[in-house]
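For the protein sequence lines, the chains are A and B, in the order given.
Okay, so the first sequence: first residue is 276 according to the working numbering, each after it adds one.
Okay, so the second sequence: first residue is 276 according to the working numbering, each after it adds one.
Hints listed in this document are in silico derivations from the structure and should not be mistaken for laboratory results.
As the structure is a prediction and not an experimental result, all values here were calculated from the model.
The C-beta atom is built at its ideal place from N, Cα and C for all residues, glycine as well.
Some hints could be false.
Covered by chain B, according to a simulated footprint, are these stretches of chain A (three or more residues, beta-carbon under 8 Å) [what the hints assert, rightly or not]:
(1) 307 to 320
(2) 401 to 409
One side of the interface only, derived from the structure: several residues of chain B facing chain A at Cβ under 10 Å [unchecked claim]:
(3) LEU310
(4) ASP312
(5) PRO316
(6) ILE317
(7) ASP318
(8) THR321
(9) VAL334
(10) HIS338
(11) ALA363
(12) MET364
(13) GLY366
(14) GLN414
(15) VAL417
(16) VAL426
(17) ALA525
These are the residues of each chain, in order.
Number of protein chains: 2
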Amino acid sequence: MDEFASIRLWTEGRQAKQWQQQRGVVLGIGDDAALLDPAVPIDGLTGPRQIVAAVDTMVETVHFNAATMMDEDIGYKALAANVSDIAAMGGIPLQALVSVSVPRSFGPERVRRLYDGLYACAERYGVAVAGGDTTSSPQHLVVAVTVLGAVEAGRALRRTGSRPGDAVFVTGPVGMSAAGLHALLAQPHAGEGAVPAAACGEAAAALVQAHRRPAPSVRAGRLLLERGTCTALNDVSDGLASEAWEIAEASGLRLVLRERDLPLAGSLAAYARDAGVQPLEWMLYGGEDYAMIGTAAAEDAKPLQELFRREGLPFFIIGETEAGEPGVELIAEASGWSGSKAVRRIPLAKRGYNHFA
Amino acid sequence: MDEFASIRLWTEGRQAKQWQQQRGVVLGIGDDAALLDPAVPIDGLTGPRQIVAAVDTMVETVHFNAATMMDEDIGYKALAANVSDIAAMGGIPLQALVSVSVPRSFGPERVRRLYDGLYACAERYGVAVAGGDTTSSPQHLVVAVTVLGAVEAGRALRRTGSRPGDAVFVTGPVGMSAAGLHALLAQPHAGEGAVPAAACGEAAAALVQAHRRPAPSVRAGRLLLERGTCTALNDVSDGLASEAWEIAEASGLRLVLRERDLPLAGSLAAYARDAGVQPLEWMLYGGEDYAMIGTAAAEDAKPLQELFRREGLPFFIIGETEAGEPGVELIAEASGWSGSKAVRRIPLAKRGYNHFA
Chain A
276 MDEFASIRLW TEGRQAKQWQ QQRGVVLGIG DDAALLDPAV PIDGLTGPRQ
326 IVAAVDTMVE TVHFNAATMM DEDIGYKALA ANVSDIAAMG GIPLQALVSV
376 SVPRSFGPER VRRLYDGLYA CAERYGVAVA GGDTTSSPQH LVVAVTVLGA
426 VEAGRALRRT GSRPGDAVFV TGPVGMSAAG LHALLAQPHA GEGAVPAAAC
476 GEAAAALVQA HRRPAPSVRA GRLLLERGTC TALNDVSDGL ASEAWEIAEA
526 SGLRLVLRER DLPLAGSLAA YARDAGVQPL EWMLYGGEDY AMIGTAAAED
576 AKPLQELFRR EGLPFFIIGE TEAGEPGVEL IAEASGWSGS KAVRRIPLAK
626 RGYNHFA
Chain B
276 MDEFASIRLW TEGRQAKQWQ QQRGVVLGIG DDAALLDPAV PIDGLTGPRQ
326 IVAAVDTMVE TVHFNAATMM DEDIGYKALA ANVSDIAAMG GIPLQALVSV
376 SVPRSFGPER VRRLYDGLYA CAERYGVAVA GGDTTSSPQH LVVAVTVLGA
426 VEAGRALRRT GSRPGDAVFV TGPVGMSAAG LHALLAQPHA GEGAVPAAAC
476 GEAAAALVQA HRRPAPSVRA GRLLLERGTC TALNDVSDGL ASEAWEIAEA
526 SGLRLVLRER DLPLAGSLAA YARDAGVQPL EWMLYGGEDY AMIGTAAAED
576 AKPLQELFRR EGLPFFIIGE TEAGEPGVEL IAEASGWSGS KAVRRIPLAK
626 RGYNHFA
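Next up, chain A with everything else stripped away, as it sits in the complex (with noise of 0.2 Å):
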């Protein structure tokens, strides 16, 4: 099958053209290039725009493996960490570029399955799949995806922002992916197909879960942009003390974070304390979750986590930034033997997420 044959097998009839045109799309898939319109209506959105634009690359054996991901959640998960790119600007998602490099044993069944994935995550999210390309690879699974948003001018939300004094927030807990890798990873993994989530047992479904299908938040990072005292946002790919180090660089400041204010989801520590292991490492160091840190205006975080809380959505208020040589520190507290508490500021090392160390 030649690759047209292939693409149309595969992306047709996934997407209605009016539901595409209603997020700009004028031209989708079968041309040299895919047409746009920067201009179309979009709800919540007036006055002049700009495009939010992020490309993300999974490629197998470093983002994943035979073991760790069903075909559909790679699709799914390619386009999840774009759409958290998009969000953590404060935008919202509206147009996809797929690139797929497909090795010959993958089949042209696996392929059909990694789009199924990856449109049942544009239907969520509402993006529209504009583009793409697809080649053959030698061995190893490789999907980049590009995925275009709009913003009003002006007011995405960026990293340089923080002002010393803010409130440094998390719009959800952290480390459930990297502890649902550490999950799949136990178990022995023979032939054909992902490990089922079944398989791992019943505390680890939703870290499994986590791990597989990642759910960012879009309506999160418009109400922090509509808010208007949020001062830094990033979405946390590499693990939330990398990512808060670069609000930190990027800003020029401390945060100091609160251990015991950290969100550890009940299935963390369940999971955690079956395997014997402390869940902070995958807290602190774990990426994927694709939650959000940010800071906000001090006097604002209760109101934020207020109005966070009408919605339905986490916010959980885990310290603050401080005037200083750019840096990132952790307050944990440690129960003496008398009951006395001792307090300790930690430094957090700037070391990003490695799926597979």
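Model the placement of chain B on the given structure of chain A, informed by the hints.
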């Protein structure tokens, strides 16, 4: 070295901020996503506009190998292939997002050379590199580039507008890239670095250059759009026959090409003669020339040719369109022993370009 330090090493200081701003880049590399101004003033572009967006991927061993391309060439060509897609819509390329998956064996110095070539191409075509993602790769280099451009709303040159009786043209010689690859693969290759062009002999120098550093013409696309008589346009990435087929199928008609009018470059003729091969196979089925094939109102074909001549651009009228079942034919002439001419119509296969077949 971490990912961010690496990306800075490869991309920082390459393009001045003001130069990027003139191409619509509000915020470039260094945050979750790039911010682009869809209304930035662009010379020669007036009125409402649309975004033109394309993605192209180059995979080691599929599109190149250690012998055929220098590191700089890989970067250059990855971007040029996308520029060609924008040009073939009549658009103006403005920004690029770059995904590079790098095998450990490649080393940071080779990646820097890849970026040297990519930025050389970006400079040549005025493209601002606005974002990217760098990951590791288990074994093979993969480069996926997305290019965004601008075009007057409703005026992009598509594949669908061709009418029976139109002239068929091509905006440059074809088959040179495939012949250049042939010349490169014919050389012995041992160890480090790509085959030097000089090793292929004088006749092949232009062919090797055509393969390694394709030269799409944005100006040609703009001339065709502004003229208003071009009814369909496609870039020759997959070979002349394959691209002619795409116009035939998209427009619902036949393209009839005349063998004697196909542009045969002198260097290609000379190399083919020395190598003892017929150049026609390369001209019809060799890919990656990045000239453009199109159709135009028959009465404007000669004036268009004259317009191109005045601009110093090639323009070859190679056939015409006919009503009928979609397809592509070649009118071949064979001289008989008596001096008579036998004219045959040969249907051309739809097959595309296979680099290392």
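Here is what the structure says about each hint:
1. Against chain B, the stretch 307 to 320 of chain A contributes 8 residues with a C-beta closer than 8 Å to a partner C-beta. That satisfies the three-residue criterion, and the hint holds.
2. With 4 residues carrying a beta carbon less than 8 Å from a beta carbon of chain B, the stretch 401 to 409 of chain A meets the three-residue requirement, and the given coverage holds.
3. A least Cβ separation of about 5 Å between LEU310 of chain B and chain A falls short of the 10 Å threshold, and the interface hint therefore holds.
4. With a least beta-carbon distance of about 6 Å to chain A, the hint placing ASP312 of chain B at the interface is held under the 10 Å criterion.
5. At a threshold of 10 Å, the smallest CB-CB gap from PRO316 of chain B to chain A is about 14 Å, leaving the interface hint violated.
6. Among the interface hints, the one on ILE317 of chain B is violated; its C-beta lies about 13 Å from the nearest C-beta in chain A, farther than the 10 Å criterion.
7. Checking ASP318 of chain B against chain A: minimum C-beta separation of about 19 Å lies over 10 Å; hint violated.
8. A least Cβ separation of about 15 Å between THR321 of chain B and chain A goes past the 10 Å threshold, and the interface hint is therefore violated.
9. Against a cut-off of 10 Å between C-beta atoms, the interface hint on VAL334 of chain B holds, since the closest Cβ of chain A lies about 5 Å away.
10. Proximity of HIS338 of chain B to chain A holds as hinted, the smallest CB-CB distance being about 7 Å (cut-off 10 Å).
11. A cut of 10 Å between beta carbons decides the hint on ALA363 of chain B: the least distance to chain A is about 4 Å, and the hint holds.
12. Proximity of MET364 of chain B to chain A holds as hinted, the smallest CB-CB distance being about 5 Å (cut-off 10 Å).
13. The restraint placing GLY366 of chain B at the interface with chain A holds, with a minimum CB-CB distance near 7 Å, inside the 10 Å limit.
14. Given the 10 Å rule on beta carbons, the hint for GLN414 of chain B holds: about 6 Å separates it from the nearest Cβ of chain A.
15. Annotation: interface hint on VAL417 of chain B holds; nearest CB of chain A at approximately 5 Å, less than 10 Å.
16. Given hint, VAL426 of chain B at the interface with chain A, holds; its Cβ is 7 Å from that chain's nearest Cβ, closer than 10 Å.
17. Restraint check, ALA525 of chain B versus chain A: the minimum CB separation of about 8 Å is within 10 Å; hint holds.
This entry does not satisfy hints 5, 6, 7 and 8, going by the numbered hints stated previously.
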